[in-house]
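Number of protein chains: 2
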Amino acid sequence: MDLLKEKILSEGHVRDGNILKVDRFLNHQLDIQLLNQLGTEFHRRFSHLPVDKILTAEVSGIAIAAIAAQYFNVPVVFAKKLESKNLDPDTYEGEVYSYTKEKTYKIRVSKQYMSPGENILILDDFLANGEAMKGLMEIIEGAKAHLVGAGVVIEKGFQPGGAELRAKGILLESLVIIDSLANNEITFR
Amino acid sequence: MDLLKEKILSEGHVRDGNILKVDRFLNHQLDIQLLNQLGTEFHRRFSHLPVDKILTAEVSGIAIAAIAAQYFNVPVVFAKKLESKNLDPDTYEGEVYSYTKEKTYKIRVSKQYMSPGENILILDDFLANGEAMKGLMEIIEGAKAHLVGAGVVIEKGFQPGGAELRAKGILLESLVIIDSLANNEITFR
Chain Z
1 MDLLKEKILS EGHVRDGNIL KVDRFLNHQL DIQLLNQLGT EFHRRFSHLP VDKILTAEVS
61 GIAIAAIAAQ YFNVPVVFAK KLESKNLDPD TYEGEVYSYT KEKTYKIRVS KQYMSPGENI
121 LILDDFLANG EAMKGLMEII EGAKAHLVGA GVVIEKGFQP GGAELRAKGI LLESLVIIDS
181 LANNEITFR
Chain W
1 MDLLKEKILS EGHVRDGNIL KVDRFLNHQL DIQLLNQLGT EFHRRFSHLP VDKILTAEVS
61 GIAIAAIAAQ YFNVPVVFAK KLESKNLDPD TYEGEVYSYT KEKTYKIRVS KQYMSPGENI
121 LILDDFLANG EAMKGLMEII EGAKAHLVGA GVVIEKGFQP GGAELRAKGI LLESLVIIDS
181 LANNEITFR
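From first to last, the protein sequence lines are chains Z and W.
According to the numbering used here, the stretch in the first sequence is residues 1 to 189, in order.
According to the numbering used here, the stretch in the second sequence is residues 1 to 189, in order.
Hints are computed from structural coordinates only; laboratory data are not their basis.
Do not rely on the hints blindly, as some may be mistaken.
What the hints assert, rightly or not - Here are the simulated lysine-lysine pairs, DSS-like style, with alpha carbons at most 30 Å apart:
{"hint": "1", "chain 1": "Z", "residue 1": "K5", "chain 2": "W", "residue 2": "K81"}
{"hint": "2", "chain 1": "Z", "residue 1": "K21", "chain 2": "W", "residue 2": "K144"}
{"hint": "3", "chain 1": "W", "residue 1": "K21", "chain 2": "Z", "residue 2": "K81"}
Work out the full structure: start from the sequences and follow the hints.
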C-alpha cells in the first residue's frame with residue numbers, strides 16, 4: 001500500500017527502541033479518509049473468504065475495525081483489556097504479555113458475542129511479537145469459532161510475530177511490513 | 001431516533017443501579033449499520049456549524065466518533081485514559097471523576113493534535129453526570145480551541161450532566177434521552 005507507506009514516511013516518527021509512532025493518523029488522532037482506504041484494502045484481501053464478524057482488541061484496533069467492517073457488512077467485537085464492572089462475568093479470555101509493561105494481562109470477550117463455528121477475521125493496528133494476536137486467537141479457540149485470517153496495518157517484520165503466524169498456516173495480511181527501524185530510519189520490505 | 005429506541009428496548013438490558021447495558025451493539029459488540037445511522041444523525045444535527053475535528057474519549061467513544069467523522073469529513077482525536085509510554089509528554093489534560101471507580105483520573109490529548117481556534121465537536125456514547133464531558137471540555141479550553149457542541153448517543157436525563165451543560169449554553173444533542181430506569185424499566189423522554 002503505497003499510500004500507507006507515504007503516510008508513515010511523512011507523518012510517522014521513529015523513536016529509540018524500535019518504536020514507530022503513528023499517533024498523527026492511526027492511534028491518537030485518526031485520519032478517517034486513510035482508515036477508509038485501509039478498510040477497502042482489507043476487504044479486497046479477504047473478500048474471497050466468509051467473514052461473520054471482525055474481532056479486535058481495545059484500544060487502538062477499534063477505529064480500524066469499525067471502519068473496515070463497513071466494507072464487510074458485519075459487526076465488530078472488541079476484546080476488553082480493562083477490568084470493568086459492566087463486563088459480563090462469563091467471558092472467553094486470552095492472555096497477552098506486554099513487553100513495554102513487562103507483565104501479562106487478560107483480554108476478554110463476553111460469551112454472548114462469539115459463537116461456535118462463526119467465521120472471525122482479526123484486525124489490528126500493529127503486529128510485532130504477536131502477543132495481542134495470540135490472546136485474540138485464544139479467545140476464538142475458547143469460543144470454538146473459526147479464525148479466517150488476520151489483517152494488520154503495520155507489521156514489524158524484524159520481530160517474530162508475523163513469521164510465527166505464517167508458519168502456523170494462518171492467513172496473515174499486513175498492509176505494510178517494516179524490515180528495519182535501525183538508526184531511526186524506516187526500511188519497508 | 002426511533003431506530004435507536006427500538007434497539008435499546010430490544011437489545012439493551014437494565015441492571016440494578018441505573019445501569020443500562022448496551023454491550024450488544026454500542027460498546028463491546030458494535031452494530032456498524034446502526035453506527036452509520038447514528039453518524040448520519042449527528043451530522044444532520046451539527047451540519048450547520050463549522051467542525052474541524054471530532055473529540056472523544058477512549059474507549060467507548062472511539063467507534064462512534066470514527067464512523068460519524070466520515071459524514072463530517074474531518075479527523076478524530078481521542079483523549080487517552082491510560083498511562084502510555086508512547087504518549088507525548090506534552091499534553092492538554094482534563095480530570096474525570098469516575099463514580100463507579102470512586103476516583104479521579106486524567107485524560108490527555110497531545111498538544112500536537114489540538115490547536116487554538118479549531119472548531120471541536122465532542123461525541124460520546126453516554127452522558128450521565130457529565131464527568132467525561134467536563135474532562136473533554138477542559139482539554140478544549142487548555143488548547144484555546146472552540147467547542148462547537150456535544151453529541152451523545154444516550155443521555156441519562158435523570159442525572160444532572162445534560163441539564164448542567166444546557167444551562168451553560170452548550171449545544172448538546174442527545175440522540176435519545178432516558179428519563180428513568182426505575183424498576184429496571186426504560187422510560188424515554
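Hint-by-hint comparison with the structure:
1. As the CA atoms of K5(Z) and K81(W) are separated by approximately 29 Å, the hinted pair is consistent with the 30 Å bound.
2. Proximity of K21(Z) to K144(W) is assessed by CA-CA distance (about 26 Å); at most 30 Å being required, the pair is judged to hold.
3. In summary, the hint linking K21(W) to K81(Z) is supported, as the alpha carbons are separated by about 18 Å, within the 30 Å threshold.
Hint compliance for this structure: no hint is broken.
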